[in-house]
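Chemist: Each chain, written out:
2 protein chains.
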Amino acid sequence: MITLDLSLPDTRYPIHIGRDLLDDANLILPHLPQRKVAIVTNTTVAPLYLARLQGALEAAGVAVLPIVLPDGEAYKTWDTLNLIFDALLSSRAERKTTLIALGGGVIGDMTGFAAACYQRGAPFIQVPTTLLAQVDSSVGGKTAINHPKGKNMIGAFYQPRAVIADMTLLDTLPQRELSAGLAEVIKYGLLGDADFLAWLEANMARLVARDHDALAHAVRRSCEMKADIVAQDEKESGVRALLNLGHTFGHAIEAGLGFGAWLHGEAVGAGMMLAAALSHELGWIDAAALARTERLIAAAGLPTRAPDLGVDAWLEHMSHDKKVESGRLRFVLLKALGQAAIVDDVAPEALQRVLAGPYIRRDTAY
Amino acid sequence: MITLDLSLPDTRYPIHIGRDLLDDANLILPHLPQRKVAIVTNTTVAPLYLARLQGALEAAGVAVLPIVLPDGEAYKTWDTLNLIFDALLSSRAERKTTLIALGGGVIGDMTGFAAACYQRGAPFIQVPTTLLAQVDSSVGGKTAINHPKGKNMIGAFYQPRAVIADMTLLDTLPQRELSAGLAEVIKYGLLGDADFLAWLEANMARLVARDHDALAHAVRRSCEMKADIVAQDEKESGVRALLNLGHTFGHAIEAGLGFGAWLHGEAVGAGMMLAAALSHELGWIDAAALARTERLIAAAGLPTRAPDLGVDAWLEHMSHDKKVESGRLRFVLLKALGQAAIVDDVAPEALQRVLAGPYIRRDTAY
Ligand SMILES: NC(=O)c1ccc[n+]([C@@H]2O[C@H](COP(=O)([O-])OP(=O)(O)OC[C@H]3O[C@@H](n4cnc5c(N)ncnc54)[C@H](O)[C@@H]3O)[C@@H](O)[C@H]2O)c1
Ligand SMILES: NC(=O)c1ccc[n+]([C@@H]2O[C@H](COP(=O)([O-])OP(=O)(O)OC[C@H]3O[C@@H](n4cnc5c(N)ncnc54)[C@H](O)[C@@H]3O)[C@@H](O)[C@H]2O)c1
Ligand SMILES: [Zn+2]
Ligand SMILES: [Zn+2]
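If you read the sequences in order, they're chains A and B. Numbering follows the working numbering, with no gaps: position 225 of the first sequence is 225. Numbering follows the working numbering, with no gaps: position 232 of the second sequence is 232.
Bound conformation, chain A alone:
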């Protein structure tokens, strides 16, 4: 196991990365102000891992309230959140009861937001069970639920007391979900670390085959980079926007196809291709760099071609993005492989050329 330390102005917390951490109650105990927790999970993850975590905690004398929610992004809503509040209030959970999220990003986002709001703030621990949650959503303190009019529109910045990323939990993850998580891993390489990018090119086959050591290294480097950026900009006013590489295009794909048609990570994969293509269009990266990007995204099992939404739909969906400032489109683009920058004055013609270019599929209907 290795432990990273995320330091923020008001708080700091450990990110533990390793194997078989689920059974180790000692990673959790130091963070409990009271020997009472609620484990929030879903109907898919509960049969796989709830008993182990609950058993380890109970053996250490901790009272456990399990809260099992329905599975799916469609349930990342106020109504589901309310199931958490109902369970907590029915069991008279006090403000010091710790909420433990055991699941992917959906469970992590909802549990974190529930913890942020329950009696104005209960302690919270993340046990991410998807690769995406381990490298992205569990680190950094963004929590949210969806609103019918927009994804992640209602939420809070609220930091966990600890993150426990157990590589062995990824053994049961569907392959598509693993690839989706790899999209975010590739993102870190592209946006800020050329060496890590090269390591990913050399090791993508091991990652896709779920080699625990390779995964642990990828999670570690991803978390380090995210922690570093979050520490500089907890409330997302500046540099944190770099983490949105591929996401402005990606969100448009998700919205354009209807959320759920593609996984988020798949949309980010194709979105990063478009961001790279736009960077190439602006003369920042060359054709070889573009080809390297494409090979890596493909090796992760991700799409490298976005669906053909039509230029109007692209612009419409991109302008709905939460990152829009005073109506202006902002992109995260690549100055080089391993070096991203925030750009809000992209020439409309350059964008149009990319949206009419080879990284948009024209052969398939959606």
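Among the clues, some could well be false.
Put simply, identical chains are the same to the list, so a pair is met inside one copy or across any two.
[Said to hold, decoys possible] Straight line, CA to CA, 30 Å or less: simulated DSS-like cross-link-like pairs of lysine-lysine:
no.: 1; residue 1: K36; residue 2: K335
no.: 2; residue 1: K96; residue 2: K335
no.: 3; residue 1: K335; residue 2: K149
no.: 4; residue 1: K96; residue 2: K149
no.: 5; residue 1: K76; residue 2: K335
no.: 6; residue 1: K149; residue 2: K36
In case anyone wonders, no lab produced these hints; they're calculated from the structure. Treat the numbers as computed from the prediction; the structure is a model and nothing was measured.
Got chain A sorted already, so can you dock chain B with the ligands onto it with the hints?
Modeler: This is chain B with the ligands only, laid out in the frame that chain A set:
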């Protein structure tokens, strides 16, 4: 106008207190990151004051989205909060749109919580229109909505960027609501300032008659004391509990009679009497001090006798209080008039004697 400065570890903001402040857009403009605001108010306050605030802002070039909610504590719910989110999202309000609460504590608590959650945090300004909101709920950053299983159970600590307390708005406040606000004013005198308590004894008639100067002084001193306590303990882990003087008993009255039968401030009035009686029972304040307390509460137009809930119901409702730590009853009691302390080892017999004593009405059915 006088301006207090509330300094917290992460933020500071002004509390403006005076007359005819509603028409002065200059108190608001410096706090707007974008010339766009949503004014959240209710069906009672909107006809009285919305046009004035909206007009002043529009004249200064600010785009205004008015959001008028139904009036009443019964609407302090997620469903009503969602009306705010719906309106913001329908008008494509960005994360920098400022939410202005124009109303009493219900509007302030809901608007603050909506601002805390909207896109994980939008700017927020308080324009409190009840005395209670001016001296209590608008200052300190507690926001919340109710849950069917408990009041204020879901919320956030979230600070406004400014508080604007205009005494002239109190002219239209129902007398019962004015008295309810005075309960919290008396609370500040009792818990920490014997001089202010003496000033209140001398000036209660002017306050009840809504003399603007007297009100401004009372609001100022109350806000100073609250700001002071909040600055020491923003997240309510210690000294902030002093602000709950009268509230453990008061909440039991509200819960026991059914919320809404008595106003919160009325319950706090009778609750402070019981806290004073318990302090007397423990030998901390003498009979003369108890009598002074009673005269002041009565002069504010507040009940000095609590309803007879029965000992079991008292204990049951008090143990539901959010301030309970690990199942233990905590009281805020008076070491002297003007000096409160937190006590969690009150002898059950002393409590029983108070609950069987003269400050409980036995003559009326509820
Ligand atoms: N907070 C943030 O900073 C942040 C960042 C990125 C994404 N997100 C959010 O994260 C969510 C996506 O997260 P996700 O990709 O983890 O999706 P997810 O939580 O829906 O998990 C994907 C699927 O895998 C299942 N699953 C989880 N762990 C498993 C395991 N170990 N074995 C077998 N199945 C398992 C889940 O039940 C689900 O069916 C979105 O809601 C997104 O908005 C948040
Ligand atoms: N956040 C905190 O720290 C805190 C502290 C104390 C109380 N509270 C909350 O505050 C709420 C109570 O606040 P409140 O006492 O202001 O009640 P309220 O907001 O319900 O207002 C009382 C009534 O007066 C009306 N009103 C408001 N201003 C008026 C005006 N100028 N003229 C005429 N009518 C007016 C309102 O529409 C309402 O009908 C409760 O929900 C309580 O939980 C919060
Ligand atoms: Zn992402
Ligand atoms: Zn009160």
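Chemist: Taking 30 Å as the upper bound on the Cα-Cα distance, should K149 and K36 be classified as within, between, both, or neither?
Modeler: So K149 and K36 pass the 30 Å test across copies only (20 Å; inside, 36 Å).
Chemist: At most 30 Å between alpha carbons: which applies to K76 and K335, within, between, both or neither?
Modeler: The answer is neither: 36 Å in one copy and 50 Å across copies each exceed 30 Å.
Chemist: Check K96 against K149 for me: Cα-Cα at most 30 Å, and say if that holds within a copy, between copies, both or neither.
Modeler: For K96 and K149, only the inter-copy Cα distance (18 Å) is at most 30 Å; the intra-copy one is 33 Å.
Chemist: When no copy is specified for K96 and K335, does a C-alpha distance of 30 Å or less occur within a copy, between copies, both, or neither?
Modeler: The answer is between: 29 Å across copies meets 30 Å, while 47 Å in one copy does not.
Chemist: Measure nothing new, just compare the shortest in-copy and cross-copy C-alpha distances for K36 and K335 to 30 Å and report within, between, both or neither.
Modeler: Answer is neither: 49 Å inside a copy and 34 Å across each miss the 30 Å cutoff.
Chemist: With identical chains treated as interchangeable, where does the CA-CA distance between K335 and K149 reach 30 Å or less: within a copy, between copies, both, or neither?
Modeler: neither (34 Å within a copy, 54 Å between copies)
The earlier numbered hints that this structure contradicts are 1, 3 and 5.
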